[in-house]
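Colleague: Protein chains in written order, with this note's numbering: chain A, 1 to 271; chain B, 1 to 271.
Where chains are identical, the list cannot tell them apart; a pair therefore holds if satisfied intra-copy or between any two copies.
With a straight-line cut-off of 30 Å between C-alpha atoms, the simulated BS3-like cross-links for lysine-lysine are:
1) Lys86 x Lys251
2) Lys58 x Lys25
3) Lys45 x Lys251
4) Lys45 x Lys55
5) Lys4 x Lys179
6) Lys251 x Lys179
In case anyone wonders, no lab produced these hints; they're calculated from the structure. All of these numbers come straight from a predicted model, not from anything done at the bench.
Protein chains: 2
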Amino acid sequence: MSFKKIVVAGGGVLGCQIAYQAAYKGYDVTIWHRSYSSIGRSQPKLDRIHAIYIKELKALKYKIGSLSADYPKGLVEDFSSLTPSKVDELTARAERAYINIRMAVDLNEAMEETDLVIECLPENEEQKMEFFRRISEVLPAKTVLVTSSSTMLPGTFAEDTGRPDKFLAVNFAGEIWAKNITEIMGHHGTDQKAYDQVTAFAKSIGMEPLCLKKEHPGYILNSLLMPFLEAAKKLQEEEVADAETIDRTWKLATGAPEGPFRIMEEAGLRD
Amino acid sequence: MSFKKIVVAGGGVLGCQIAYQAAYKGYDVTIWHRSYSSIGRSQPKLDRIHAIYIKELKALKYKIGSLSADYPKGLVEDFSSLTPSKVDELTARAERAYINIRMAVDLNEAMEETDLVIECLPENEEQKMEFFRRISEVLPAKTVLVTSSSTMLPGTFAEDTGRPDKFLAVNFAGEIWAKNITEIMGHHGTDQKAYDQVTAFAKSIGMEPLCLKKEHPGYILNSLLMPFLEAAKKLQEEEVADAETIDRTWKLATGAPEGPFRIMEEAGLRD
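Could you build the full structure based on these sequences and the hints that come with them?
Modeller: Next comes the structure, spelled out in structure tokens:
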């Protein structure tokens with residue numbers, strides 16, 4: 001019943017991360033590209049991710065036995081039971097993942113027998129819609145389809161997919177090997193079974209699934225983050241306080257490791 | 001030039017905390033009450049705070065030498081250099097503070113020679129205004145006056161105080177021995193000198209001063225917190241996700257120790 005073969009559509013930064021993480025966790029993974037040239041652009045991204053995993057795993061060996069809350073949770077789920085030989089196993093697994101990820105351009109061939117397609121195309125509504133229409137004709141009946149769009153709602157595309165009941169949305173954080181969270185959001189026509197399958201898949205690749213009960217722009221995280229960051233920008237713009245004081249206030253008052261301006265900086269949201 | 005004699009006007013929870021903390025840090029502290037019966041209501045609050053300081057100091061002895069980021073920073077400013085005999089000194093200081101806080105009802109007598117008055121009356125505009133008018137007639141020329149109102153702006157009362165240049169606002173967090181932050185906010189007529197004196201006073205009682213450059217409703221903290229908490233409530237009300245999932249999302253994504261619903265619970269903002 002559980003998924004075996006996964007297709008990631010689009011070899012951008014997020015697509016490569018998801019593909020690598022799924023392969024690392026033992027899935028049969030194919031990245032489908034729109035063109036041969038996009039395979040070429042994708043390869044250095046995969047190379048970089050592979051280098052990060054190998055480096056993180058190497059660093060983990062030296063952390064064994066020391067308290068650490070910030071180990072890469074996507075790479076190792078239980079830091080407390082880690083041993084050097086277990087790290088060696090994980091390193092071998094990363095090497096296998098790197099070698100085994102398949103690249104494809106032929107849509108029919110790529111989608112054959114696939115259990116799950118994760119759409120990671122650019123945030124362009126028309127491009128996504130065209131893709132969903134194209135694959136609606138070639139996807140096996142069993143295949144569950146998810147979009148990774150962070151700005152568009154799954155309801156926008158549901159009918160175009162030809163399988164609204166097996167279609168939903170997922171939102172990953174950047175650097176999924178370190179920040180292992182996945183928000184999962186259906187539209188009103190999503191079957192609970194497909195939702196549960198995707199939730200189980202997220203867990204199986206080391207993610208913490210965060211389940212939304214209905215469609216909502218911005219999922220949970222951005223719905224909280226955006227008004228908070230806006231309030232911080234307003235305080236700065238109105239010259240009530242400077243960014244450093246605002247960040248310090250938030251950290252001291254709430255115990256958070258980062259204030260709003262630091263969060264904006266890390267997310268590339270600050271000019 | 002620095003303050004010696006402090007009057008806290010009002011013996012509620014916040015007033016007692018500020019009075020005790022200032023006495024603990026060596027200031028000559030008087031709590032002015034509107035009536036004798038309010039002295040009676042205030043005493044158990046002071047007793048409770050004293051018991052907390054003694055208990056926290058006792059607990060500190062057992063923490064010496066162990067890493068701890070969450071020691072009560074209002075009680076001890078540098079945990080890393082703490083010794084058992086230093087804790088004994090601090091305990092003796094707490095005992096002195098408890099004994100030395102004076103209670104007063106006569107306004108003239110209470111305000112005599114005072115360097116700083118911290119108004120901690122109930123959040124009632126008329127009551128505060130009446131108080132400011134009354135003391136404007138008896139305060140020494142040198143006295144700096146602050147309101148601890150968290151919901152009203154200092155500009156509202158500036159003229160009634162008779163000393164707008166020496167009048168500003170401060171905002172403490174609850175449990176100031178543990179969460180040692182003080183937001184400091186002037187109105188457009190506050191002199192920089194008075195502002196700096198209050199900032200120095202806040203530091204001298206172990207607080208982290210957070211300086212606002214102008215008057216702003218909600219100071220910094222509540223200006224950030226309110227839209228954030230509103231967003232969380234909206235997600236719950238619209239049944240996008242439950243409180244537990246929303247809190248978990250925030251904590252996992254930002255590394256914060258608490259999510260919005262836990263913050264509301266602690267602040268008594270949740271039904």
